[in-house]
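Peer 1: Protein sequences, first through last, are from chains A and B. Residue numbers for the first sequence follow my numbering, so the first one is 594 and each next one is one higher. Residue numbers for the second sequence follow my numbering, so the first one is 92 and each next one is one higher.
Just so you know, the hints here were simulated from the structure itself, not pulled from any lab data. Some clues are possibly wrong.
To be verified - Below 30 Å or equal to it, Euclidean Cα-Cα: the simulated DSS-like pairs (lysine-lysine) are:
id, chain 1, residue 1, chain 2, residue 2
1, A, K792, B, K128
2, A, K681, B, K322
3, A, K792, B, K213
4, A, K698, B, K213
5, A, K738, B, K322
6, A, K792, B, K178
7, A, K792, B, K149
8, A, K641, B, K250
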Amino acid sequence: MFKRILTSVFALTLTILVTAQTKTAVTTKEAKIVDEINLSAADIELFKEQTKQKVEEFQQYIITLANKDEPTEKRNMAEREALKLFYKGAQMEISTIMPDGTTQKVNRPMEKYLARLKSLPFTKVVIKFYDICYVKEFTKGPDGKYYSTATIIQEFTGFNDDNIVYKDVTKKEVEIIVDLVEDKFFNEKRWKLFLGDIKATETKTVTNP
Amino acid sequence: MTTGRVKRYSLMIICFALSLLSAIYGQTITGNVQKSKENIYLARIKQFNEFIDRFNYKTDFNGNPIDSAFSRKMTREKYINSLFDLKDNRIAAGGKDPQGSYADLKSRFVKQVISGDIKINKYAPGILAEAKSRVIFNGKPQTITIFLNQEVVGRGSVKWVITDVKGDILNFLKTDTTHIRFIPPGSNETDFINLKRALEDVDYLQYYASSDYKFDQLSIFLYLINSGLLKFEYVEEVRYHILDIPGWCIRVKDFNRDELNSGWLIYDLSLNNLSRKEYIQTLN
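Next comes chain A alone, as it looks inside the complex (with noise of 0.2 Å):
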């Protein structure tokens, strides 16, 4: 709770520093967006700070969601709530290492991706981050948005009753897109930041069931 309320105020913090220290992006109206429009290099630090945040805030919504342990409704709110943080038809391609050394990928919308990780076929799933969160810098794209990409590391274990039946280590490689949108509150246009598309590549099958 008390980390839910720190996370939220500095979110708050960090949307005024940000609106502070890019008034160009507030006062202009015009077109002319991509080239005018810049991030400064305090703002980039702060983004790169709330890229882990939003990272983090995905990892704890994949391990509720995934938990069979947890009442539905909180399972569907976690699903929904994850869903926000993605920028409009972010995808995720699988990447699974097949016996032959081969590599086969599976591309699937966002939604559906978490909606078959809540429903596996496992009587209980736990997930586990490593505390590891590689973030690029954000580069600047040609349509005026920030580009940068974070790699976490996740520990899939699924069960059947009290037996490991699969378990296996993926690295994830999340696309961040900071974004000018328009705030209809404020009416003026901030940053904000979004995750997109995520490549996840599987290094090590423990357990095959």
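Assemble chain B onto chain A, guided by the hints.
Peer 2: Only chain B this time, still in chain A's reference frame:
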């Protein structure tokens, strides 16, 4: 970051530095070095961007700027050595390179980088990404290679662009040195009746084009995608060719293995004086 976390990370750095040092000098990392799974992933070069930052001696294992405490334990030379695939037979202890030519080349390269304080420009046009991709052509899965590089546009904006494409399915023209193929000089007077005959010679059409015509697989690729004859599925593997350091070519790929020396590592190094375009022509 809490003080406890800082301490934990510092401890990890020392632990990794020691582990990597042993690896750099060709010794097996033995079980007496207690390594957790997390340590492996922290040491792993997780992104290509991280590879460049480590090469440029910009960030430590945690992605933080390199400070004096880190540089005392890990010099740039050792750090660059750790960016090589240490299982490469040509440099591994007991490897199969009796002449030691690759090891010498590597050593020469590292010395040059250190003495010249050479850094790789992250957005250099000389960074070439090679994306081996799965496509569906005539209902069958095929592999093609798409080459991409970065372009800086506007005020500091960056994007990746397709430089070239290669693949057997795109290379449909054949070479023939036994026959002379041409449209005869008097053809204009017959309203180029010969043109039909020439254009039915489908495997050798290039011989009827002007002498400065260059067959271009990228245009073929774009047409096939546009017409729906070729369907792009996904990228199977990405490798990088760094031509940004004059005289050299560094090749980097992802080593997905459960070891400290893993992730984006140098799998080959060679001398190079070719331009990016010429270099791509040499690749299969």
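Peer 1: Checking each numbered hint in turn, tell me which of them this model violates, lowest number first.
Peer 2: none
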